[in-house]
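Student: With the hints as constraints, model all of the structure from the sequences given.
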Amino acid sequence: MTFSKTNRQKHIPERSCCVCRVKSDKHKLIRIVRSPDGLAVIDVAGKLPGRGVYICPDDECITLAEKSGALNRALSVSVQSELWPSLREYARGMAIDAGMKIRSILGLARKSGVLLVGADNIERSRHGVIVLYASDCSDRVKEFALMREHVALDMNIDELSRVIGSRGGVQIVGLPINSGFAKKLKRLEITERGIAIE
Numbered sequence: 001m002t003f004s005k006t007n008r009q010k011h012i013p014e015r016s017c018c019v020c021r022v023k024s025d026k027h028k029l030i031r032i033v034r035s036p037d038g039l040a041v042i043d044v045a046g047k048l049p050g051r052g053v054y055i056c057p058d059d060e061c062i063t064l065a066e067k068s069g070a071l072n073r074a075l076s077v078s079v080q081s082e083l084w085p086s087l088r089e090y091a092r093g094m095a096i097d098a099g100m101k102i103r104s105i106l107g108l109a110r111k112s113g114v115l116l117v118g119a120d121n122i123e124r125s126r127h128g129v130i131v132l133y134a135s136d137c138s139d140r141v142k143e144f145a146l147m148r149e150h151v152a153l154d155m156n157i158d159e160l161s162r163v164i165g166s167r168g169g170v171q172i173v174g175l176p177i178n179s180g181f182a183k184k185l186k187r188l189e190i191t192e193r194g195i196a197i198e
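Position 119 of the sequence shown, counted from 1, bears residue number 119 in the numbering used here, the numbering being contiguous throughout.
Hints are computed from structural coordinates only; laboratory data are not their basis. Heads up, the beta-carbon is just placed ideally off N, CA and C, and yes, glycines get one too. Among these hints, one or two may not hold up.
[What the hints assert, rightly or not] No more than 27 Å apart at the CA atoms, straight line, and that leaves these computed lysine-lysine pairs for DSS-like:
hint	residue 1	residue 2
1	Lys67	Lys111
2	Lys186	Lys111
3	Lys142	Lys26
4	Lys26	Lys111
5	Lys23	Lys47
6	Lys26	Lys184
7	Lys47	Lys184
8	Lys26	Lys67
9	Lys67	Lys183
10	Lys28	Lys183
[Claimed, not checked] Label-pair restraints from in silico Cβ distances:
hint	residue 1	residue 2	range
11	Glu149	Arg88	15 to 23 Å
12	Ser78	Ser112	46 to 54 Å
13	Gly180	Thr63	33 to 41 Å
14	Asn121	Arg92	31 to 39 Å
15	Asp158	Lys23	35 to 43 Å
16	Ser68	Glu149	31 to 39 Å
17	Asp37	Lys183	39 to 47 Å
18	Leu48	Gly169	43 to 51 Å
19	Ile42	Glu143	28 to 36 Å
20	Lys67	Lys184	31 to 39 Å
21	Gly169	Gln80	34 to 42 Å
Tutor: See below:
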C-alpha cells in the first residue's frame, strides 16, 4: 500500500515589527538582539541567542524607532548611536536583494514562456494573473493594472524591457497566479522603494 503526500504549505513563522506592530514573515523583518555584553546588534543569520525584537526594513520604521526609543524599550538597553546607520544600510541591502530577485523571476518566467507581455495578452488570459507595471507607464496602463492584483515595480519601461529581453516599450507584464513564479513573487511581498503587492 502506498500513501501520497499531501500538498501542505510549510508553516512560516510571523513576527511583529516593534514599531508599527504589523505582522510579517520573520525572514522579511530585521532582527535586533541584545547581546550578553548589553549592546544592540543586527542578527544577520537570525540565530543569535538573547532577547530579540523585529523591525520592518524601511526607513520610516527605522527613523521612528530611533526617535521614539522603541528599540530601547523593547530590548531594555540603551541602543548605541552606531546602530542606526548600520541598520539603514542593511535595510537598503534587503531592498536591493529583493529587486534582484524580482528581475530574476521575470527573466526566468520569460525564458520559460510563462510571462504575459502587454495588456492584450493579460486580458486574453483565461487564468488569474498578477500584473506588474513599470514606474513610468501610461495612466491607461496603470489604471488597467490597478483593477487587478498588481505590483508597482521600481524599474522604468526601458529597464523592464531589458529584464525580459525585449527591444523596448514594455510597460506591463503578467504572471499566472497558479505559476511557481507568481508564488515566489508573492513570498517576496516587497514594500521597500515603491514595490508593493496589493
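Student: Against this structure, judge whether each hint is valid.
Tutor: Consistency of the hints with the structure:
Of the supplied pair hints, the one linking Lys67 and Lys111 is violated, its CA atoms being roughly 47 Å apart against a limit of 27 Å. Under the criterion of a C-alpha separation no larger than 27 Å, the hint pairing Lys186 with Lys111 is consistent with the structure, at around 20 Å. Under the criterion of a C-alpha separation no larger than 27 Å, the hint pairing Lys142 with Lys26 is inconsistent with the structure, at around 31 Å. Restraint check for Lys26 and Lys111: the C-alpha separation of about 32 Å exceeds 27 Å, so the hint is violated.
Between Lys23 and Lys47 the CA atoms are separated by roughly 20 Å; this keeps the pair inside 27 Å, and the hint holds. Between the alpha carbons of Lys26 and Lys184 the distance comes to roughly 16 Å, so the proposed pair stays at or under 27 Å and holds. For the hint pairing Lys47 with Lys184, the CA-to-CA distance comes to about 24 Å; that is within 27 Å, so the pair holds. Pair hint Lys26 plus Lys67 holds up; C-alpha atoms about 24 Å apart against a cutoff of 27 Å.
Among the hinted pairs, Lys67 with Lys183 is inconsistent with the structure: their alpha-carbon atoms are about 37 Å apart, more than 27 Å. A distance of roughly 16 Å separates the Cα atoms of Lys28 and Lys183; the hinted pair therefore holds under the 27 Å criterion. Taking the beta carbon of each, Glu149 and Arg88 are about 31 Å apart, not inside 15 to 23 Å as hinted. The hinted range of 46 to 54 Å is satisfied by Ser78 and Ser112, whose Cβ atoms lie roughly 52 Å apart.
A C-beta distance of roughly 37 Å is found between Gly180 and Thr63, which places it inside the suggested range of 33 to 41 Å. The hint said 31 to 39 Å for the Cβ distance between Asn121 and Arg92, and at roughly 34 Å that hint holds. Take Asp158 and Lys23: their Cβ atoms lie about 37 Å apart, and the range 35 to 43 Å holds. The hinted window of 31 to 39 Å between Ser68 and Glu149 holds, with their beta carbons roughly 34 Å apart.
Taking 39 to 47 Å as the suggested C-beta distance range, the pair Asp37 and Lys183 conforms, at roughly 42 Å. Against the hinted window of 43 to 51 Å, the Cβ-Cβ separation of Leu48 and Gly169 comes to about 48 Å, which satisfies the hint. For the pair Ile42 and Glu143, the supplied restraint of 28 to 36 Å is violated, since their beta-carbon distance comes to about 41 Å. Judged by the Cβ atoms, the range 31 to 39 Å given for Lys67 and Lys184 holds: they are separated by roughly 36 Å.
Range check, Gly169 to Gln80: Cβ separation about 50 Å, and the 34 to 42 Å hint is violated.
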